[in-house]
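Engineer: Letter by letter, the chains look like this.
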Amino acid sequence: MSAYPVAAEFGFKAIVKELFSYKTGILAIALLLLLIGISVYAVVAIPYDEAVRLWRAGEMTWLKNPRNAAPVWIELFVGKKLPRTIILSSAKGEASKVKEGRRVVIEYSFDYSYDDFPSEITLFFSAKYGGEPPVVKVYWLRPDGEEFFLANYTLRSPDDKYYISNDFKLETRLETFIIKERLRGKPSFAITVERALFLAYTGKLEVLKGKYKMRLEATLASEGDDLDADLVVYGKVHGFTGTDHLRRPLSIALLWGTPIALAFGLTASLVTTLAQLVIAAISGWYGGKVDSLLQRITEVYMILPFLPILIMVSMFYKIDIWTLLVVVIVLSIFGPGVKTMRALVMQIKNYPFIEAALAYGASGKRIIFLYIIPRVLPLVVPGLISAVPSYVFLEAALSFLGIGDPNVPTWGKIINDAFSEGALYKGYFYWVIEPSIMLILTALAFSFLGFALDKIVNPRLKEL
Amino acid sequence: MVNVRMVKYLLKRALVLYLTVVIAVYMTILIANMGGYVDEIVKSEIRLEIAMKLRANPAYRSLPESELNKLIEARYQAEIRRRGLDQPFLIRSFWYLYDALSLNLGRAMYMTSDSGSSQVRVIILERLPQTVMLFTTAVVINFFIHLFLGLYLSRNYGSFLDKLFVYLAPTSVIPGWFYGIFLILIFASWLHVLPYGGLVDVPPPRDPVLYALSVLKHMILPLSSWIISGFFLGVYSSRTFFLIFSTEDYVEAAVAKGLPPRMVEFKYILRPALPPIITNLALNLIASWGGAIITETVFNWPGLGLVTYEAIGYFDVPVIVGITVIYAYLLAATVFILDLLYGILDPRIRAGAAEGVVV
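Those sequence lines, one after another, are chains A and B.
Heads up: the first sequence runs through residues 15 to 478, numbered per the working numbering.
Heads up: the second sequence runs through residues 17 to 375, numbered per the working numbering.
There could be a bad hint or two in this list.
DSBU-like mimics (lysine-lysine), calculated; alpha carbons at most 30 angstroms apart, straight line [unchecked claim]:
{"no.": "1", "chain 1": "A", "residue 1": "Lys-111", "chain 2": "A", "residue 2": "Lys-142"}
{"no.": "2", "chain 1": "B", "residue 1": "Lys-24", "chain 2": "A", "residue 2": "Lys-303"}
{"no.": "3", "chain 1": "B", "residue 1": "Lys-86", "chain 2": "B", "residue 2": "Lys-59"}
{"no.": "4", "chain 1": "B", "residue 1": "Lys-28", "chain 2": "A", "residue 2": "Lys-363"}
{"no.": "5", "chain 1": "A", "residue 1": "Lys-379", "chain 2": "A", "residue 2": "Lys-363"}
{"no.": "6", "chain 1": "B", "residue 1": "Lys-179", "chain 2": "A", "residue 2": "Lys-27"}
{"no.": "7", "chain 1": "A", "residue 1": "Lys-303", "chain 2": "B", "residue 2": "Lys-28"}
{"no.": "8", "chain 1": "A", "residue 1": "Lys-363", "chain 2": "B", "residue 2": "Lys-24"}
{"no.": "9", "chain 1": "A", "residue 1": "Lys-353", "chain 2": "B", "residue 2": "Lys-24"}
{"no.": "10", "chain 1": "A", "residue 1": "Lys-37", "chain 2": "B", "residue 2": "Lys-179"}
{"no.": "11", "chain 1": "A", "residue 1": "Lys-27", "chain 2": "A", "residue 2": "Lys-363"}
{"no.": "12", "chain 1": "A", "residue 1": "Lys-223", "chain 2": "A", "residue 2": "Lys-200"}
{"no.": "13", "chain 1": "A", "residue 1": "Lys-183", "chain 2": "A", "residue 2": "Lys-200"}
{"no.": "14", "chain 1": "B", "residue 1": "Lys-28", "chain 2": "A", "residue 2": "Lys-353"}
{"no.": "15", "chain 1": "A", "residue 1": "Lys-175", "chain 2": "A", "residue 2": "Lys-111"}
{"no.": "16", "chain 1": "B", "residue 1": "Lys-233", "chain 2": "A", "residue 2": "Lys-440"}
{"no.": "17", "chain 1": "B", "residue 1": "Lys-179", "chain 2": "A", "residue 2": "Lys-31"}
{"no.": "18", "chain 1": "A", "residue 1": "Lys-353", "chain 2": "A", "residue 2": "Lys-363"}
{"no.": "19", "chain 1": "A", "residue 1": "Lys-151", "chain 2": "A", "residue 2": "Lys-183"}
Covered by chain A, per the in silico footprint, the following chain B stretches (three or more residues, Cβ under 8 angstroms) [claimed, not checked]:
{"no.": "20", "region": "34-44"}
{"no.": "21", "region": "190-198"}
{"no.": "22", "region": "204-213"}
{"no.": "23", "region": "303-315"}
{"no.": "24", "region": "324-332"}
{"no.": "25", "region": "337-350"}
Simulated from the structure, these hints should not be mistaken for lab results.
Quantities reported herein were computed from a predicted structural model and do not represent experimental measurements.
Quick reminder that beta carbons are idealized off the backbone N, C-alpha and C, glycines included.
Please put together the full structure from these sequences, using the hints given.
Structural biologist: Written as structure tokens, this is what we have:
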């Protein structure tokens with residue numbers, strides 16, 4: 015029994031017009047335009063090679079981004095002001111720098127009015143020296159006037175970094191001092207370096223807001239030497255999308271995931287559906303041996319384990335995403351769609367217009383491509399559109415299993431990273447939710463469009 | 017009632033189905049062996065192993081290097097012959113096919129079952145119950161939800177609830193594993209009320225009742241993810257299906273006669289719609305036995321899907337082929353039994369059997 019009556023001719027304009035009469039149709043088109051807009055922006059703003067480079071560049075490119083920082087909008091849910099990253103560079107004149115002979119004094123000052131502690135504090139040096147390296151004394155000035163001596167640091171290379179947060183000696187020293195002299199008792203929380211530097215001495219885990227200063231007093235080995243340094247106070251939020259465990263902004267993969275998902279899903283669905291249509295038309299029109307051969311092949315395909323074979327192929331041959339697309343198409347061509355489409359072909363096979371074509375001596379090829387396929391095509395378009403999400407999710411699933419193309423930034427890749435880094439255990443929910451929302455929007459756009467189109471080309475569904 | 021034409025048709029059908037299985041299994045063997053490449057890996061492993069063993073053996077330490085190499089080569093050739101690896105892959109692929117089809121699944125190359133056996137049969141049978149417990153349950157629950165809600169909506173066509181299902185049907189394109197991620201996020205990471213995944217608590221409770229309860233607790237999320245995923249579309253499809261059936265003349269006649277609605281539903285709508293429903297259920301049940309690779313990975317559920325995935329990761333061909341051949345046989349057998357049942361039960365199909373309009 016077929017649910018599809020063979021419908022009349024459709025004009026493109028008429029279909030679009032009718033589409034707008036459905037609420038779901040309007041919603042689908044709006045979502046689709048949004049996704050296309052994001053794709054165009056991604057392709058124009060970050061060229062593909064650049065996106066791949068940025069995504070694969072490793073941590074060095076993103077040194078001054080906070081690690082695993084949440085997106086800014088998380089504040090709406092947390093209800094407090096979370097720290098942004100503060101970068102002050104003496105070379106760019108963002109700090110006062112005085113050089114007198116062999117002595118350099120750099121003083122950074124910044125306002126800190128956030129409700130949470132920074133995630134890390136690091137000094138990035140860039141020194142110029144011939145013989146002995148510079149020695150830097152680091153001081154910290156709090157808004158309440160208290161001054162901490164942090165370290166006496168000898169540079170090991172011209173672009174050395176002082177990871178203040180990882181200085182365990184400093185941590186023990188500050189902790190002991192604060193517990194003994196300021197809080198007079200052990201607090202209920204652990205005192206890390208960042209907390210010690212920013213803590214209000216109330217006994218609770220609170221930030222002391224106000225103007226902070228850091229002073230570097232460097233002694234150079236000779237007068238020709240020089241020293242500059244960037245102070246980075248890493249925040250806990252970063253941009254609209256946040257960052258991952260390698261400090262990469264998720265926005266790159268979220269943006270570039272869109273054109274990749276659309277291209278992958280649409281191409282796979284389009285090519286598969288058209289190929290199935292041609293096979294169904296040939297099978298239905300010629301009948302007999304051709305028909306039974308094609309139907310048997312379809313049945314073999316139905317028994318072949320689709321996903322395991324796909325995983326095997328992509329694991330064994332380490333293929334990239336576009337080869338994967340070809341494999342997906344090859345594995346889907348003889349899908350169950352062939353059977354439904356063949357039923358449609360069988361219905362119109364005996365229509366008068368086909369008889370007329372036969373009467374004027376049209377060849378089988380001509381009838382299939384000029385008479386049968388154009389007639390059946392509108393009926394399979396809704397299915398084509400509705401199938402797009404399944405291919406998008408297929409790619410996401412493979413990436414999730416960790417066997418997708420490692421070079422391409424896709425949504426599935428983000429989810430895979432998030433899972434393997436334990437994002438759900440550690441509470442980095444944004445890491446999973448952001449790519450998921452993109453996937454859901456894509457799925458719903460195509461699915462709603464497919465359903466609306468189905469009602470238009472199969473008027474019988476409208477009554478149901 | 018079984019006539020000669022029918023028997024002939026069924027025999028032909030069985031033959032075709034068996035050929036289908038043979039071809040599908042053979043293709044899987046070719047792909048899983050990477051067209052013979054896996055043999056090269058195995059051969060180099062054998063050589064390495066023999067060389068390591070002989071070199072580590074003190075008895076051969078005084079042997080000159082060339083003699084030792086000769087010995088290694090001889091042992092290697094013997095081992096290759098013993099395993100039949102000296103035959104070309106094309107010939108061996110047919111041996112593999114024969115073994116697979118006769119369900120002589122052999123030993124896994126690297127994997128072992130949880131109890132330590134390397135028999136493919138044991139590896140598969142050990143994980144099958146977990147998969148059946150989870151996914152077959154999901155299919156059965158889904159079946160009844162979709163059937164009865166669909167039937168209900170088709171009788172209350174046009175109601176608010178009905179319209180809601182029509183609107184929400186497209187949400188079902190989102191697959192179960194994806195809902196699973198959200199369920200873990202909400203109920204495990206955020207609310208801490210249900211486990212992230214796995215089969216039982218660690219350590220597993222000793223008391224069988226507590227053990228069962230623990231397994232049930234671990235089943236809630238994966239099961240829900242599959243139920244949610246299929247919910248709206250499943251109900252929508254069965255509702256539409258019943259609506260088409262309820263526009264038949266005999267249903268109108270039954271309603272006109274004033275039969276009670278329940279009787280109309282069960283005797284006049286459900287009964288004639290049963291064959292395609294049963295077909296669907298049977299195929300879904302069979303499909304559920306293969307497990308679900310991604311859902312099982314998301315929930316770390318130790319079923320057949322996870323075994324398949326591990327086997328692929330280890331290039332463990334016998335396990336991959338074993339799972340495929342069992343699945344292929346089950347599917348073919350189900351299709352055949354359905355053919356047979358319809359041939360016997362449905363007079364319309366019985367008449368058309370010669371033209372092959374089954375399923």
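Engineer: Against each hint, give a clear statement of whether it holds in the structure.
Structural biologist: Hints, one by one, checked against the model:
{"no.": "1", "hint": "A/Lys-111 x A/Lys-142", "result": "holds, 15 angstroms"}
{"no.": "2", "hint": "B/Lys-24 x A/Lys-303", "result": "holds, 19 angstroms"}
{"no.": "3", "hint": "B/Lys-86 x B/Lys-59", "result": "holds, 17 angstroms"}
{"no.": "4", "hint": "B/Lys-28 x A/Lys-363", "result": "holds, 27 angstroms"}
{"no.": "5", "hint": "A/Lys-379 x A/Lys-363", "result": "holds, 14 angstroms"}
{"no.": "6", "hint": "B/Lys-179 x A/Lys-27", "result": "holds, 27 angstroms"}
{"no.": "7", "hint": "A/Lys-303 x B/Lys-28", "result": "holds, 15 angstroms"}
{"no.": "8", "hint": "A/Lys-363 x B/Lys-24", "result": "holds, 29 angstroms"}
{"no.": "9", "hint": "A/Lys-353 x B/Lys-24", "result": "holds, 24 angstroms"}
{"no.": "10", "hint": "A/Lys-37 x B/Lys-179", "result": "holds, 13 angstroms"}
{"no.": "11", "hint": "A/Lys-27 x A/Lys-363", "result": "holds, 28 angstroms"}
{"no.": "12", "hint": "A/Lys-223 x A/Lys-200", "result": "holds, 22 angstroms"}
{"no.": "13", "hint": "A/Lys-183 x A/Lys-200", "result": "holds, 19 angstroms"}
{"no.": "14", "hint": "B/Lys-28 x A/Lys-353", "result": "holds, 20 angstroms"}
{"no.": "15", "hint": "A/Lys-175 x A/Lys-111", "result": "holds, 19 angstroms"}
{"no.": "16", "hint": "B/Lys-233 x A/Lys-440", "result": "holds, 22 angstroms"}
{"no.": "17", "hint": "B/Lys-179 x A/Lys-31", "result": "holds, 22 angstroms"}
{"no.": "18", "hint": "A/Lys-353 x A/Lys-363", "result": "holds, 15 angstroms"}
{"no.": "19", "hint": "A/Lys-151 x A/Lys-183", "result": "holds, 15 angstroms"}
{"no.": "20", "hint": "34-44", "result": "holds (count 7)"}
{"no.": "21", "hint": "190-198", "result": "holds (count 6)"}
{"no.": "22", "hint": "204-213", "result": "holds (count 4)"}
{"no.": "23", "hint": "303-315", "result": "holds (count 5)"}
{"no.": "24", "hint": "324-332", "result": "holds (count 5)"}
{"no.": "25", "hint": "337-350", "result": "holds (count 6)"}
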